Amino acid sequence: MDALSHALIAYILFSTPGLSPLIPFVIVGAVIPDIDIFFSPVADLNPSLYLFTHGGVLHSIAGALVLSLVTYAVSVLLAAGAIIPAGIVSVTGIYGFAAILAGALLHLAIDLPATPGIPVLAPFSNRQYSLNIFPGPSFLLAFAALGTALVTLLRLLPFSSALLLFGSTVVAYIAVRAGMFLVADAALPGRKIPTINPLRWLVIRENEQSYAVQFHTFFSGLSEEAVFPKYKDTDDAEVTGSLEYPEVRRMVFSSYLVTAERIGDVLILADPLREKGFLYYPPKYKRVAVPAGK
134 MDALSHALIA YILFSTPGLS PLIPFVIVGA VIPDIDIFFS PVADLNPSLY
184 LFTHGGVLHS IAGALVLSLV TYAVSVLLAA GAIIPAGIVS VTGIYGFAAI
234 LAGALLHLAI DLPATPGIPV LAPFSNRQYS LNIFPGPSFL LAFAALGTAL
284 VTLLRLLPFS SALLLFGSTV VAYIAVRAGM FLVADAALPG RKIPTINPLR
334 WLVIRENEQS YAVQFHTFFS GLSEEAVFPK YKDTDDAEVT GSLEYPEVRR
384 MVFSSYLVTA ERIGDVLILA DPLREKGFLY YPPKYKRVAV PAGK
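In my numbering, the protein residues as written are 134 to 427.
It is worth saying that the hints were derived from the structure and are not from the lab. From a predicted model like this one, the values you see are computed outputs, not experimental measurements. Glycine residues also receive a C-beta, built at the ideal position from the N, C-alpha and C atoms. Check before you lean on any hint, since a few could be wrong.
Said to hold, decoys possible - Within a straight-line C-alpha distance of at most 27 Å, the following computed DSSO-like cross-link-like pairs (lysine-lysine) qualify:
1. Lys419 - Lys409
2. Lys365 - Lys419
3. Lys363 - Lys417
4. Lys363 - Lys409
5. Lys409 - Lys365
6. Lys417 - Lys365
7. Lys325 - Lys363
8. Lys325 - Lys365
9. Lys325 - Lys417
10. Lys409 - Lys325
11. Lys363 - Lys419
12. Lys325 - Lys419
Stated by the list, open to error - Per label pair, the in silico range of CB-to-CB distance:
13. Ala206 - Lys365: 46 to 54 Å
14. Asn340 - Phe257: 27 to 35 Å
15. Tyr414 - Phe257: 51 to 59 Å
16. Pro416 - Ser258: 52 to 60 Å
17. Leu355 - Pro218: 55 to 63 Å
18. Leu376 - His187: 18 to 26 Å
19. Val316 - Arg260: 24 to 32 Å
20. Ile221 - Pro322: 23 to 31 Å
21. Gly374 - Pro416: 25 to 33 Å
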(Lines of atoms letter the chains of each structure in order from A and count residues from 1; the text may use other names and numbers.)
(Lines give C-alpha, C1' and ligand atoms only; values in the text may rest on other atoms or scores of the structure.)
Protein backbone atom coordinates (compact mmCIF):
# COMPACT_ATOMS: atom_id res chain seq x y z
CA MET A 1 0.00 0.00 0.00
CA ASP A 2 1.17 3.53 -0.74
CA ALA A 3 2.42 5.90 1.97
CA LEU A 4 -0.48 8.35 1.61
CA SER A 5 -3.02 5.59 2.22
CA HIS A 6 -1.08 4.48 5.29
CA ALA A 7 -1.09 8.06 6.61
CA LEU A 8 -4.82 8.56 6.04
CA ILE A 9 -5.74 5.23 7.65
CA ALA A 10 -3.57 6.07 10.67
CA TYR A 11 -5.27 9.47 10.94
CA ILE A 12 -8.72 7.87 10.84
CA LEU A 13 -7.92 5.24 13.46
CA PHE A 14 -6.32 7.66 15.92
CA SER A 15 -8.72 10.60 15.48
CA THR A 16 -10.36 10.06 18.83
CA PRO A 17 -10.69 12.44 21.80
CA GLY A 18 -7.54 12.54 23.89
CA LEU A 19 -5.24 11.22 21.17
CA SER A 20 -5.01 14.34 18.98
CA PRO A 21 -1.53 15.37 20.29
CA LEU A 22 -0.24 11.95 19.21
CA ILE A 23 -1.63 12.03 15.66
CA PRO A 24 1.50 13.61 14.07
CA PHE A 25 3.65 10.90 15.66
CA VAL A 26 1.31 8.12 14.54
CA ILE A 27 1.26 9.42 10.97
CA VAL A 28 5.06 9.66 10.86
CA GLY A 29 5.28 6.11 12.20
CA ALA A 30 2.77 4.90 9.62
CA VAL A 31 4.87 6.14 6.69
CA ILE A 32 8.49 5.64 7.83
CA PRO A 33 8.75 1.96 6.83
CA ASP A 34 8.37 3.10 3.21
CA ILE A 35 11.60 5.07 3.48
CA ASP A 36 13.17 1.89 2.10
CA ILE A 37 11.99 3.05 -1.33
CA PHE A 38 15.00 5.36 -1.32
CA PHE A 39 17.36 2.50 -0.42
CA SER A 40 16.18 0.25 -3.26
CA PRO A 41 18.38 1.76 -6.02
CA VAL A 42 21.49 1.01 -3.96
CA ALA A 43 20.25 -2.48 -3.07
CA ASP A 44 19.53 -3.16 -6.75
CA LEU A 45 23.20 -2.54 -7.53
CA ASN A 46 24.43 -4.65 -4.61
CA PRO A 47 22.27 -7.78 -4.24
CA SER A 48 23.82 -8.61 -0.86
CA LEU A 49 21.76 -5.67 0.46
CA TYR A 50 18.51 -7.25 -0.72
CA LEU A 51 16.89 -6.87 2.71
CA PHE A 52 17.08 -3.10 2.20
CA THR A 53 14.84 -3.18 -0.86
CA HIS A 54 11.28 -1.91 -0.60
CA GLY A 55 9.34 -4.33 1.58
CA GLY A 56 12.53 -5.59 3.23
CA VAL A 57 13.92 -5.39 6.74
CA LEU A 58 12.26 -2.05 7.47
CA HIS A 59 8.95 -3.87 7.07
CA SER A 60 9.73 -6.14 10.01
CA ILE A 61 9.01 -5.91 13.73
CA ALA A 62 12.68 -5.28 14.50
CA GLY A 63 12.89 -2.71 11.71
CA ALA A 64 9.79 -0.91 12.98
CA LEU A 65 11.25 -0.77 16.49
CA VAL A 66 14.62 0.62 15.35
CA LEU A 67 12.99 3.11 12.98
CA SER A 68 10.68 4.31 15.73
CA LEU A 69 13.54 4.81 18.18
CA VAL A 70 15.60 6.72 15.61
CA THR A 71 12.65 8.83 14.50
CA TYR A 72 11.71 9.76 18.05
CA ALA A 73 15.32 10.62 18.89
CA VAL A 74 15.50 12.85 15.81
CA SER A 75 12.26 14.59 16.79
CA VAL A 76 13.67 15.30 20.28
CA LEU A 77 16.85 16.74 18.74
CA LEU A 78 14.85 18.87 16.30
CA ALA A 79 12.72 20.18 19.15
CA ALA A 80 15.83 20.94 21.24
CA GLY A 81 17.26 22.89 18.30
CA ALA A 82 13.99 24.81 17.85
CA ILE A 83 13.64 23.41 14.33
CA ILE A 84 10.21 22.08 15.24
CA PRO A 85 8.01 23.44 18.06
CA ALA A 86 9.27 22.05 21.37
CA GLY A 87 5.72 21.69 22.62
CA ILE A 88 5.02 18.92 20.11
CA VAL A 89 7.49 16.65 21.89
CA SER A 90 7.18 17.91 25.46
CA VAL A 91 3.40 17.55 25.61
CA THR A 92 3.52 13.89 24.60
CA GLY A 93 6.72 12.74 26.29
CA ILE A 94 7.52 9.06 25.88
CA TYR A 95 4.03 8.53 24.49
CA GLY A 96 5.34 10.16 21.32
CA PHE A 97 7.67 7.20 20.83
CA ALA A 98 4.83 4.78 21.58
CA ALA A 99 2.68 6.53 18.97
CA ILE A 100 5.43 6.32 16.33
CA LEU A 101 5.85 2.61 17.06
CA ALA A 102 2.09 2.08 16.93
CA GLY A 103 1.99 3.75 13.51
CA ALA A 104 4.88 1.63 12.23
CA LEU A 105 3.28 -1.60 13.48
CA LEU A 106 -0.01 -0.51 11.92
CA HIS A 107 1.88 -0.17 8.64
CA LEU A 108 3.04 -3.79 8.93
CA ALA A 109 -0.45 -4.99 9.82
CA ILE A 110 -1.89 -3.28 6.74
CA ASP A 111 0.82 -4.68 4.43
CA LEU A 112 0.57 -8.23 5.78
CA PRO A 113 -2.59 -9.15 3.81
CA ALA A 114 -0.95 -8.09 0.52
CA THR A 115 1.24 -10.08 -1.86
CA PRO A 116 4.10 -10.84 -2.13
CA GLY A 117 4.39 -10.37 1.65
CA ILE A 118 6.81 -8.82 4.12
CA PRO A 119 9.66 -10.36 6.16
CA VAL A 120 8.07 -9.81 9.56
CA LEU A 121 10.89 -11.58 11.43
CA ALA A 122 13.85 -10.04 9.54
CA PRO A 123 16.78 -9.87 10.06
CA PHE A 124 16.45 -13.18 11.94
CA SER A 125 14.56 -14.76 9.05
CA ASN A 126 14.06 -13.48 5.50
CA ARG A 127 10.90 -15.52 5.00
CA GLN A 128 8.06 -13.36 3.71
CA TYR A 129 4.61 -13.63 5.23
CA SER A 130 1.37 -12.74 3.46
CA LEU A 131 -2.30 -13.53 3.95
CA ASN A 132 -2.67 -13.25 0.13
CA ILE A 133 -5.89 -11.25 0.40
CA PHE A 134 -4.84 -8.13 -1.55
CA PRO A 135 -2.69 -7.75 -4.65
CA GLY A 136 0.44 -5.68 -4.26
CA PRO A 137 0.40 -2.80 -4.90
CA SER A 138 -3.28 -1.82 -4.42
CA PHE A 139 -3.89 0.76 -7.15
CA LEU A 140 -7.49 1.41 -6.15
CA LEU A 141 -6.53 2.57 -2.67
CA ALA A 142 -3.67 4.65 -4.06
CA PHE A 143 -6.05 6.47 -6.41
CA ALA A 144 -8.57 6.90 -3.59
CA ALA A 145 -5.91 8.41 -1.32
CA LEU A 146 -4.69 10.72 -4.09
CA GLY A 147 -8.27 11.74 -4.82
CA THR A 148 -8.80 12.54 -1.14
CA ALA A 149 -5.78 14.82 -1.16
CA LEU A 150 -6.78 16.53 -4.42
CA VAL A 151 -10.41 17.27 -3.53
CA THR A 152 -9.22 18.67 -0.19
CA LEU A 153 -6.50 20.85 -1.73
CA LEU A 154 -8.88 22.10 -4.44
CA ARG A 155 -11.51 22.74 -1.75
CA LEU A 156 -14.08 20.63 -3.56
CA LEU A 157 -14.90 18.90 -0.27
CA PRO A 158 -14.08 19.54 3.38
CA PHE A 159 -11.30 17.28 4.61
CA SER A 160 -13.69 15.50 6.98
CA SER A 161 -16.04 14.62 4.10
CA ALA A 162 -13.19 13.52 1.83
CA LEU A 163 -11.78 11.42 4.66
CA LEU A 164 -15.17 9.79 5.21
CA LEU A 165 -15.32 8.83 1.53
CA PHE A 166 -11.80 7.44 1.68
CA GLY A 167 -12.57 5.46 4.83
CA SER A 168 -15.72 4.05 3.22
CA THR A 169 -13.70 3.04 0.17
CA VAL A 170 -11.13 1.26 2.34
CA VAL A 171 -13.81 -0.62 4.28
CA ALA A 172 -15.61 -1.65 1.08
CA TYR A 173 -12.33 -2.70 -0.54
CA ILE A 174 -11.34 -4.83 2.45
CA ALA A 175 -14.82 -6.39 2.64
CA VAL A 176 -14.87 -7.34 -1.05
CA ARG A 177 -11.31 -8.63 -1.06
CA ALA A 178 -11.72 -10.59 2.17
CA GLY A 179 -14.97 -12.08 0.92
CA MET A 180 -13.41 -13.18 -2.36
CA PHE A 181 -10.43 -14.59 -0.47
CA LEU A 182 -12.75 -16.80 1.58
CA VAL A 183 -14.56 -17.96 -1.56
CA ALA A 184 -11.30 -18.64 -3.41
CA ASP A 185 -9.80 -20.43 -0.42
CA ALA A 186 -12.80 -22.76 -0.23
CA ALA A 187 -13.27 -23.32 -3.97
CA LEU A 188 -9.77 -23.47 -5.44
CA PRO A 189 -6.96 -25.98 -4.89
CA GLY A 190 -3.34 -25.13 -4.16
CA ARG A 191 -1.85 -21.72 -3.51
CA LYS A 192 -3.96 -18.73 -4.47
CA ILE A 193 -2.57 -15.32 -5.42
CA PRO A 194 -4.93 -12.34 -5.87
CA THR A 195 -4.81 -10.10 -8.94
CA ILE A 196 -6.12 -6.59 -9.60
CA ASN A 197 -9.45 -8.14 -10.60
CA PRO A 198 -10.99 -9.53 -7.38
CA LEU A 199 -12.72 -12.25 -9.41
CA ARG A 200 -9.45 -13.44 -10.95
CA TRP A 201 -6.95 -15.53 -8.98
CA LEU A 202 -3.67 -17.14 -9.93
CA VAL A 203 -3.68 -20.76 -8.80
CA ILE A 204 -0.41 -22.64 -8.21
CA ARG A 205 -0.36 -26.40 -7.68
CA GLU A 206 2.93 -28.06 -6.82
CA ASN A 207 4.39 -31.55 -6.74
CA GLU A 208 7.95 -32.86 -6.43
CA GLN A 209 8.70 -32.33 -10.12
CA SER A 210 6.86 -29.21 -11.24
CA TYR A 211 4.56 -26.25 -10.71
CA ALA A 212 1.21 -26.09 -12.51
CA VAL A 213 -0.09 -22.55 -12.94
CA GLN A 214 -3.37 -21.19 -14.28
CA PHE A 215 -5.76 -18.32 -13.75
CA HIS A 216 -9.21 -18.92 -12.35
CA THR A 217 -11.82 -16.26 -13.04
CA PHE A 218 -15.08 -16.72 -11.20
CA PHE A 219 -18.05 -17.07 -13.57
CA SER A 220 -15.60 -17.71 -16.46
CA GLY A 221 -13.52 -20.70 -15.34
CA LEU A 222 -9.89 -21.73 -15.67
CA SER A 223 -7.35 -20.55 -18.21
CA GLU A 224 -4.99 -22.91 -20.01
CA GLU A 225 -2.57 -24.57 -17.61
CA ALA A 226 1.15 -23.77 -17.77
CA VAL A 227 3.59 -26.29 -16.28
CA PHE A 228 7.09 -25.33 -15.15
CA PRO A 229 9.56 -28.08 -14.19
CA LYS A 230 11.33 -27.37 -10.91
CA TYR A 231 14.68 -28.77 -12.00
CA LYS A 232 16.32 -29.42 -15.35
CA ASP A 233 19.71 -31.17 -15.28
CA THR A 234 20.12 -30.12 -11.65
CA ASP A 235 18.66 -30.94 -8.25
CA ASP A 236 17.59 -29.45 -4.95
CA ALA A 237 21.01 -29.88 -3.36
CA GLU A 238 22.72 -27.82 -6.06
CA VAL A 239 20.05 -25.13 -5.88
CA THR A 240 20.41 -24.96 -2.11
CA GLY A 241 24.17 -24.63 -2.52
CA SER A 242 23.69 -21.69 -4.89
CA LEU A 243 22.23 -19.65 -2.03
CA GLU A 244 25.81 -18.72 -1.16
CA TYR A 245 25.54 -16.16 -3.98
CA PRO A 246 23.84 -12.91 -2.89
CA GLU A 247 22.17 -12.48 -6.28
CA VAL A 248 20.46 -15.84 -5.80
CA ARG A 249 19.24 -14.88 -2.34
CA ARG A 250 17.96 -11.60 -3.75
CA MET A 251 16.14 -13.36 -6.60
CA VAL A 252 14.59 -15.94 -4.26
CA PHE A 253 13.50 -13.17 -1.89
CA SER A 254 11.63 -11.43 -4.72
CA SER A 255 10.08 -14.58 -6.21
CA TYR A 256 6.78 -16.42 -5.92
CA LEU A 257 8.36 -19.67 -7.10
CA VAL A 258 11.79 -20.67 -8.39
CA THR A 259 12.83 -23.02 -11.19
CA ALA A 260 16.40 -24.13 -11.88
CA GLU A 261 18.23 -25.30 -14.99
CA ARG A 262 21.87 -26.25 -15.40
CA ILE A 263 23.51 -25.51 -18.76
CA GLY A 264 27.12 -26.63 -18.74
CA ASP A 265 28.86 -24.90 -15.87
CA VAL A 266 26.08 -22.36 -15.37
CA LEU A 267 23.09 -22.67 -13.06
CA ILE A 268 20.11 -20.54 -14.08
CA LEU A 269 17.39 -19.76 -11.55
CA ALA A 270 14.21 -17.96 -12.52
CA ASP A 271 10.74 -17.00 -11.38
CA PRO A 272 8.56 -17.96 -14.38
CA LEU A 273 5.55 -16.13 -12.99
CA ARG A 274 7.27 -12.78 -13.28
CA GLU A 275 9.25 -13.72 -16.39
CA LYS A 276 6.18 -14.85 -18.32
CA GLY A 277 3.99 -11.96 -17.22
CA PHE A 278 1.64 -13.83 -14.90
CA LEU A 279 2.67 -11.30 -12.25
CA TYR A 280 4.65 -8.08 -12.58
CA TYR A 281 5.68 -7.17 -9.04
CA PRO A 282 8.47 -7.11 -7.90
CA PRO A 283 9.86 -6.09 -11.30
CA LYS A 284 13.56 -6.89 -10.79
CA TYR A 285 15.71 -9.99 -10.34
CA LYS A 286 13.42 -12.32 -12.26
CA ARG A 287 16.35 -14.49 -13.39
CA VAL A 288 19.97 -14.97 -12.33
CA ALA A 289 22.84 -17.11 -13.60
CA VAL A 290 25.66 -18.28 -11.34
CA PRO A 291 28.45 -20.87 -11.56
CA ALA A 292 27.08 -24.36 -11.12
CA GLY A 293 28.24 -26.52 -8.25
CA LYS A 294 30.91 -29.14 -8.82
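Hint check:
{"no.": "1", "hint": "Lys419 - Lys409", "verdict": "holds, 10 Å"}
{"no.": "2", "hint": "Lys365 - Lys419", "verdict": "holds, 18 Å"}
{"no.": "3", "hint": "Lys363 - Lys417", "verdict": "holds, 21 Å"}
{"no.": "4", "hint": "Lys363 - Lys409", "verdict": "holds, 15 Å"}
{"no.": "5", "hint": "Lys409 - Lys365", "verdict": "holds, 18 Å"}
{"no.": "6", "hint": "Lys417 - Lys365", "verdict": "holds, 23 Å"}
{"no.": "7", "hint": "Lys325 - Lys363", "verdict": "holds, 19 Å"}
{"no.": "8", "hint": "Lys325 - Lys365", "verdict": "holds, 25 Å"}
{"no.": "9", "hint": "Lys325 - Lys417", "verdict": "holds, 22 Å"}
{"no.": "10", "hint": "Lys409 - Lys325", "verdict": "holds, 18 Å"}
{"no.": "11", "hint": "Lys363 - Lys419", "verdict": "holds, 15 Å"}
{"no.": "12", "hint": "Lys325 - Lys419", "verdict": "holds, 20 Å"}
{"no.": "13", "hint": "Ala206 - Lys365: 46 to 54 Å", "verdict": "holds, 52 Å"}
{"no.": "14", "hint": "Asn340 - Phe257: 27 to 35 Å", "verdict": "holds, 31 Å"}
{"no.": "15", "hint": "Tyr414 - Phe257: 51 to 59 Å", "verdict": "violated, 25 Å"}
{"no.": "16", "hint": "Pro416 - Ser258: 52 to 60 Å", "verdict": "violated, 24 Å"}
{"no.": "17", "hint": "Leu355 - Pro218: 55 to 63 Å", "verdict": "holds, 60 Å"}
{"no.": "18", "hint": "Leu376 - His187: 18 to 26 Å", "verdict": "holds, 22 Å"}
{"no.": "19", "hint": "Val316 - Arg260: 24 to 32 Å", "verdict": "holds, 27 Å"}
{"no.": "20", "hint": "Ile221 - Pro322: 23 to 31 Å", "verdict": "violated, 54 Å"}
{"no.": "21", "hint": "Gly374 - Pro416: 25 to 33 Å", "verdict": "holds, 27 Å"}
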